[in-house]
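Spelled out, the chains give:
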Amino acid sequence: MDYYDALAKKVRRNLLITMTVVTLASCGLAYLLLVATDLPPFIILIVAGALAMLMNAIFSATTTKWLLQPLQAIWQAVVHISPTNHGEPAPNIDQLKLGQEMVGSLVNQIYQLASEAAKHTTAAPVLSSEYGFIPSNLPLPLFVLDESETIQFANPAAAEYIGQKTDALIGKNVYMVLDMAFPNKDTLDAWLKESKTTVATASHSWERVRLNVLDNHPTRLFDLAAYYNKDNPNKQSTMLVLFDHTKQYSQDEQAVSFIALSVHELRTPLTMLRGYIEAFQEELEGKLDPQMTDFMQKMAANAQQLTAFVNNILNVARIDDDQMELHLVEEQWPTILESTIEGLKLRAKVRGVQLQTTIAPDLPAVAVDRLSIQEVITNLVDNAVKYSAGAELVEINVHMNQEGQVETTFTDHGQGISAGIMPNLFTKFYRDHRNRAQIGGTGLGLYLCKTIVEAHGGHIWVKSKEKEGSTFGFTLLPYASLAAELKNGDNTDIVRGAHGWIKNHSMYRR
Amino acid sequence: MEPGQSITPAGARPTRRVLCIEDEHFIAELYDRALSKAGYQTTLEVDGARGLELALSDAFDIILLDLMVPNVTGIEILRRLRTEKPDLKAKVIITTNLEQRDDVRADIEKQADGYVVKAELTPRELVGILDGIA
Numbered sequence: 001m002d003y004y005d006a007l008a009k010k011v012r013r014n015l016l017i018t019m020t021v022v023t024l025a026s027c028g029l030a031y032l033l034l035v036a037t038d039l040p041p042f043i044i045l046i047v048a049g050a051l052a053m054l055m056n057a058i059f060s061a062t063t064t065k066w067l068l069q070p071l072q073a074i075w076q077a078v079v080h081i082s083p084t085n086h087g088e089p090a091p092n093i094d095q096l097k098l099g100q101e102m103v104g105s106l107v108n109q110i111y112q113l114a115s116e117a118a119k120h121t122t123a124a125p126v127l128s129s130e131y132g133f134i135p136s137n138l139p140l141p142l143f144v145l146d147e148s149e150t151i152q153f154a155n156p157a158a159a160e161y162i163g164q165k166t167d168a169l170i171g172k173n174v175y176m177v178l179d180m181a182f183p184n185k186d187t188l189d190a191w192l193k194e195s196k197t198t199v200a201t202a203s204h205s206w207e208r209v210r211l212n213v214l215d216n217h218p219t220r221l222f223d224l225a226a227y228y229n230k231d232n233p234n235k236q237s238t239m240l241v242l243f244d245h246t247k248q249y250s251q252d253e254q255a256v257s258f259i260a261l262s263v264h265e266l267r268t269p270l271t272m273l274r275g276y277i278e279a280f281q282e283e284l285e286g287k288l289d290p291q292m293t294d295f296m297q298k299m300a301a302n303a304q305q306l307t308a309f310v311n312n313i314l315n316v317a318r319i320d321d322d323q324m325e326l327h328l329v330e331e332q333w334p335t336i337l338e339s340t341i342e343g344l345k346l347r348a349k350v351r352g353v354q355l356q357t358t359i360a361p362d363l364p365a366v367a368v369d370r371l372s373i374q375e376v377i378t379n380l381v382d383n384a385v386k387y388s389a390g391a392e393l394v395e396i397n398v399h400m401n402q403e404g405q406v407e408t409t410f411t412d413h414g415q416g417i418s419a420g421i422m423p424n425l426f427t428k429f430y431r432d433h434r435n436r437a438q439i440g441g442t443g444l445g446l447y448l449c450k451t452i453v454e455a456h457g458g459h460i461w462v463k464s465k466e467k468e469g470s471t472f473g474f475t476l477l478p479y480a481s482l483a484a485e486l487k488n489g490d491n492t493d494i495v496r497g498a499h500g501w502i503k504n505h506s507m508y509r510r
Numbered sequence: 001m002e003p004g005q006s007i008t009p010a011g012a013r014p015t016r017r018v019l020c021i022e023d024e025h026f027i028a029e030l031y032d033r034a035l036s037k038a039g040y041q042t043t044l045e046v047d048g049a050r051g052l053e054l055a056l057s058d059a060f061d062i063i064l065l066d067l068m069v070p071n072v073t074g075i076e077i078l079r080r081l082r083t084e085k086p087d088l089k090a091k092v093i094i095t096t097n098l099e100q101r102d103d104v105r106a107d108i109e110k111q112a113d114g115y116v117v118k119a120e121l122t123p124r125e126l127v128g129i130l131d132g133i134a
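Top to bottom, those sequences are chains A and B.
Residue numbers for the first sequence, in our numbering: 1 to 510.
Residue numbers for the second sequence, in our numbering: 1 to 134.
Since the hints were made in silico from the structure, they are not lab data.
One or more of the hints may lead you astray.
Claimed, not checked - In silico DSS-like cross-links for lysine-lysine, where the CA-CA straight-line distance does not exceed 30 Å: (1) A:Lys-235 with A:Lys-165; (2) A:Lys-467 with A:Lys-247; (3) A:Lys-349 with A:Lys-193; (4) B:Lys-37 with B:Lys-89; (5) B:Lys-89 with A:Lys-193; (6) A:Lys-230 with A:Lys-172; (7) A:Lys-450 with A:Lys-349; (8) A:Lys-467 with A:Lys-349; (9) A:Lys-298 with A:Lys-386; (10) B:Lys-37 with A:Lys-345; (11) A:Lys-287 with B:Lys-89; (12) A:Lys-349 with B:Lys-37; (13) A:Lys-298 with B:Lys-37; (14) A:Lys-287 with A:Lys-235.
These figures come from a predicted structure and were not determined experimentally.
Can you make the complete structure from the sequences, with help from the hints?
Listed below in structure tokens is the structure:
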């Protein structure tokens with residue numbers, strides 16, 4: 001109020017001076033005319049009145065401008081901070097001749113109020129609508145971003161999830177607040193960049209996103225859904241919703257790491273067992289009678305078999321947890337098939353079965369992940385040998401099928417499979433109940449084969465006749481037919497997950 | 001092999017020196033036997049820290065590196081070898097029975113010259129692989 005009193009006093013004083021000057025000037029002129037001329041008093045009155053009116057007009061024009069200066073400065077300040085401002089500059093308080101202190105103080109207050117309001121109005125467009133209570137009460141973390149990926153709104157659930165206050169999130173870049181790790185190169189950042197340049201609206205979701213949080217906060221795992229619309233009001237173009245699955249995903253990871261550790265514990269004695277059996281075979285070669293030699297081979301074959309089974313457990317766990325990646329590279333199929341079969345001959349031999357391979361000439365190169373496809377060959381040969389039931393021959397045949405794919409078949413002449421159980425053969429843990437007592441197995445092998453073959457883009461099938469035997473077959477795509485998928489990659493392999501595509505290039509070295 | 005002998009029994013190339021960093025005594029013993037039989041000169045080390053020291057001396061042609069070794073892990077040994085000895089002559093082959101996540105494995109494979117699962121190979125088969133390394 002001090003500023004106001006000072007201003008009022010100054011205005012009052014200046015107006016008084018002005019009016020006194022006009023009055024004195026008019027009266028002085030009238031007196032001069034009366035003394036020095038013979039003009040009639042009526043004319044003198046008119047002349048003095050005209051002077052007074054002229055001076056009043058001049059003074060009122062300048063006084064108005066002078067008096068309104070403070071108001072103009074305040075008006076300028078208000079317009080300057082208005083959202084519809086189109087270039088109006090901020091007022092220059094220093095040039096004010098009247099009420100500089102009061103206007104300076106008022107303008108400061110206007111700017112302070114505007115800045116306070118800005119903090120709250122960022123959330124206002126979402127909250128002020130009829131349904132504004134929804135984001136606030138949504139039990140899922142919600143973030144709203146502008147075009148520069150700055151957080152414009154975060155609901156209370158989001159703040160709680162991050163472990164920070166809502167105010168601390170607003171105005172920050174989303175990647176500063178959410179330090180996310182994605183399972184592959186399909187990241188939020190990559191998707192947003194692409195969406196902004198190519199589309200008006202888009203939505204996308206990710207699974208198993210990992211949130212690296214500050215110290216003292218456990219890592220969080222969640223699914224993320226994003227919606228982008230560049231025409232959203234108030235430039236709030238991106239919405240992110242987080243679905244927490246920390247408990248479930250951590251358990252999955254622990255389960256896989258538990259299996260990985262168990263597999264390690266199984267593999268270590270197996271490595272030694274296989275090593276010592278080999279040492280015995282080498283040292284005792286030619287010194288053992290045929291039966292002992294046979295026993296030694298059976299030991300070696302069964303140690304191999306156990307190693308293969310351990311791999312099945314591990315691979316099924318990885319597939320189920322979506323942690324298996326296949327790296328499809330150009331390979332000569334006969335080379336892989338024959339070297340794998342060579343390693344399986346001992347197992348067949350100790351069961352009295354001979355493996356006979358026939359490979360058609362001039363096969364094209366195939367696109368395969370060597371390690372995974374070897375698991376398929378191993379499982380199908382092991383199965384054929386296991387179910388041969390005294391038959392002495394398992395035939396492996398490779399040819400081009402009518403669809404131009406490389407087809408490999410495994411035929412045994414054993415007991416065959418009844419029609420009733422055929423549809424379930426490739427299901428996990430499924431086993432033919434008639435054989436459970438006689439033939440070991442877990443029902444993992446064929447499930448694994450199907451998943452791996454299909455991830456290669458091929459298919460697996462079975463034909464069987466009871467008491468005559470079975471034929472299992474699978475197809476592989478020629479490498480050339482996948483060439484189009486490589487066009488963007490600078491590496492020459494294609495990466496697929498066991499449950500579908502992952503990305504189109506990788507840095508894997510083989 | 002006789003002391004001072006510098007070529008393999010086949011006479012194909014000079015004796016190759018293998019450093020085997022492996023804490024499982026039985027596995028080390030089996031690898032030592034198979035490698036020696038094939039004409040390799042083997043140095044065994046069960047401790048990660050001493051293994052790293054030996055590897056940094058760069059006195060070997062091949063380093064068989066187990067990932068689970070005490071004091072300094074195999075992965076750490078690999079990383080430090082690549083940073084502290086960028087021009088290491090030896091080929092580094094990871095030998096492990098612990099399955100890695102694919103991304104971790106890719107990371108290891110970028111820095112190593114080979115990666116084998118021990119249970120998948122008998123010692124003689126491993127020697128066959130080393131024979132094939134130039």
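Any hints from earlier that this structure breaks? Give me their numbers in increasing order, please. 2, 3, 5, 11, 14
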